[in-house]
Amino acid sequence: MNPRRKKRLFIIVSLVILLGAAIGSMLYALQQNIDLFYTPSEILEGKDLGNGKTGAKPQIGQRLRIGGMVVEGSVVRSETNLDVQFKLADTGPMVTIKYNGILPDLFREGQGIVAQGILIAFDTIEASEVLAKHDEEYMPPELAEKMKGIKHVKPKYEEGAKPAY
Amino acid sequence: MWKWLHPYAKAETAYNLCYRLLPYFSWLAAITLIAGSIWGLLYAPADYQQGDSFRIIYFHVPTAIWSMGAYTSMAICGMVGIVWQIKNAELAVYAIAPVGAAFTFLALVTGAVWGKPMWGAWWVWDARLTSELILLFLYLGVIALYNSFEDKRTAARAASILAIVGVVNVPIIHYSVEWWNTLHQGASITKFDKPSISPDMLWPLLLNIAGFLFILAAITCLRLANQILINDARRPWVKALVEQSSTEATSLVKGK
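Protein sequences, first through last, are from chains B and C. Each residue of the first sequence is one higher than the last, beginning at -4 in our numbering. Each residue of the second sequence is one higher than the last, beginning at 4 in our numbering.
Pulled out of the complex, with its shape left as it was, chain C reads as follows (with noise of 0.2 Å):
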């Protein structure tokens, strides 16, 4: 297994992967996000309780799930960085972060959004609220690390210290509806058990999280492909990339 990872240690051909799987990504996050919204939003039963309200669930749930994902894959990253120091475990460290905070300020604002007319309240300093908010802060804290360092070496490894310190939060904000009294209700889907949410609503809520998935992935593979290209800038592979693309612009506009 290590055998068939270590080729993508090396710059070229993590960029090259990237670029190979961005389409894959993003035609996958635009079906599944378009036919999982569109059927939540338009087709899925009114809930008992909430009636219309309740389909924010469809962008709600599945960017609080990844904006956990992402966190723990960047903390993966981050330890991977420091023990095995790879430049570009490292580099996706801070490919991940600003789209991990994206999805966590999405997360909150949803929330809040919902929370006003069926809680009654915008925000309520309870625990998954409180700790997600801290997730927020700890995802800017590693975006500000990484980018208060001259030297992008000392900067990644300090940001990837940051992000693997902070993965402590992550088990918090899963059961912190568990452990404590919260106005935030329970887990609607877990693995163990059935979820608790009716198959005719289920179905469209799981695209969407599939769907969020994707995006965090195309996003990634993009940031990460120009983080190591930037990196990379004065290596031979990238000038003669760049030198073959500059050809082909030229061709075609003289075939123009």
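The shape of chain B in the complex, shown without the other chains (with noise of 0.2 Å):
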């Protein structure tokens, strides 16, 4: 390679692995602003920046995103209205959260989502958004029937009866 080429081709990579460089430790320094939502155990014990030490734990009244699975058999309708009421777990602590609204349609027990809303006590969300959020998993309903042992109906409403969970 001629030098003239050579110095170009050096300047091109150099200005690639700065400009990487750059935006990587940006990205590292925003890291806690980059997730889209806290985890229950973040709430309730703060995040863990990794060599044993956590991070602040959110105030109350504080508006934050939360992820986590709905813990089978928590959740709760009212007979009135459409507020409904469940807790959210990832590997033990639970928080609550409150909404009023219409849940998605892959909202069941069991499923991963994701909740908008104000922290309310240390342990509770009153929620204004309830987002679903589903694996990278596809099968046929048979498949998962017989690998999960799971049978994904949607849940249907009687008049006058109440929701199946």
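FYI, nobody ran anything at the bench for these hints, they're computed from the structure. Just so you know, not all the hints are guaranteed correct.
[Stated by the list, open to error] Rough simulated footprint, nothing fancy, chain C against chain B, three-plus residues with beta-carbon under 8 Å:
#1 -3 to 7
#2 30 to 38
#3 62 to 74
#4 94 to 102
Quick reminder that beta carbons are idealized off the backbone N, C-alpha and C, glycines included.
From these two lone chains plus the hints, build me the complex, please.
Set out below in structure tokens:
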């Protein structure tokens, strides 16, 4: 390769490496803020920063998003309006979510969800939006039944009857 | 290998190659896309959780993959153009950019349409969605920069530098779902692992991924050939080409 081309190649490669390093360190510094949501254990115990340290816990009154699994059997619906209350967990600690509104189609017990709202007590969130998260596994229903032993059926609501869950 | 590549630095050879490849890519794209879409939309089983709504995966995933693939190839062309000063590579940057931008736009739109029924929101500012939006802006930046200079060599150099610099975003898009908590789920198909999508759903997806690659290649060939013609409009070989096709046209008319 002749020296001029070598020089240009060197400039471009170093430009990309420098920029990559700059953006990399920026993203590293902003690490906590890029996460879309807190997990329940992060809300109760603070974010795990590695090497045994934990970050600050969110303040009461803070607007935040939380993501976790809906705890089986924790969904309580109101008989008269759209109020719904359920617990979210990831590895153990549980956070209660209160919500008034229509839940997404994929909302089920055991399903991952992301809720946005205000922390009203150290373990309770008043949500203004509930989003369903799904995983990257796609399979036909028969296979899911065989592999996971679960049968996913959409809850059916009969008039006047209490919902199935 | 370099000896074999060298002739394609010449405009005429590159133009002829593009036109020779174009029908193959177009036919392959048509066949794989029709087969993959019909298979995926009509015959693949419905998902256990998402039902029929998951079928938008057959358009969302291919466009998203090739929005990144197109960007990477555009950046490589930009680098070749700047380091080795090969004009065809500079033209290729501008040939790929709008196609990649269209793919990115399609990925964002199909993602929003999928997100509304499944997540409950058209748009969420999570890392995956935001970095893909930045990719769209990078494409638009490359196109705008290329068009904002009178002198096309300067324009191509500026656009190439932006394309190369922006390549930093590509790994961020790919790894965003692993590095951070996102609403977007992780990858279903990876090179090293068993795909987490059942085989009868995977095959049509792979067909469509191949199909969108062929479409990308076909449109790029067509655009590159046109760019070469525009760039060399005053060269004798283009004039000869025009005269040849116009005599063919007149003989067709007379023959009628």
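Evaluation of the provided hints:
1. Counting residues of the stretch -3 to 7 of chain B whose beta carbon lies closer than 8 Å to any beta carbon of chain C gives 4, which reaches the threshold of three, so the coverage claim holds.
2. Proximity of the stretch 30 to 38 of chain B to chain C, defined as three or more residues with a beta carbon under 8 Å from a beta carbon of that chain, is established by the 4 residues found.
3. Coverage of the stretch 62 to 74 of chain B by chain C is violated. Counting CB-CB distances below 8 Å, 1 residues qualify, and the rule asks for three or more.
4. Counting residues of the stretch 94 to 102 of chain B whose CB lies closer than 8 Å to any CB of chain C gives 4, which reaches the minimum of 3, so the coverage claim holds.
Comparing the model with each numbered hint stated earlier shows that hint 3 is the single one that does not hold.
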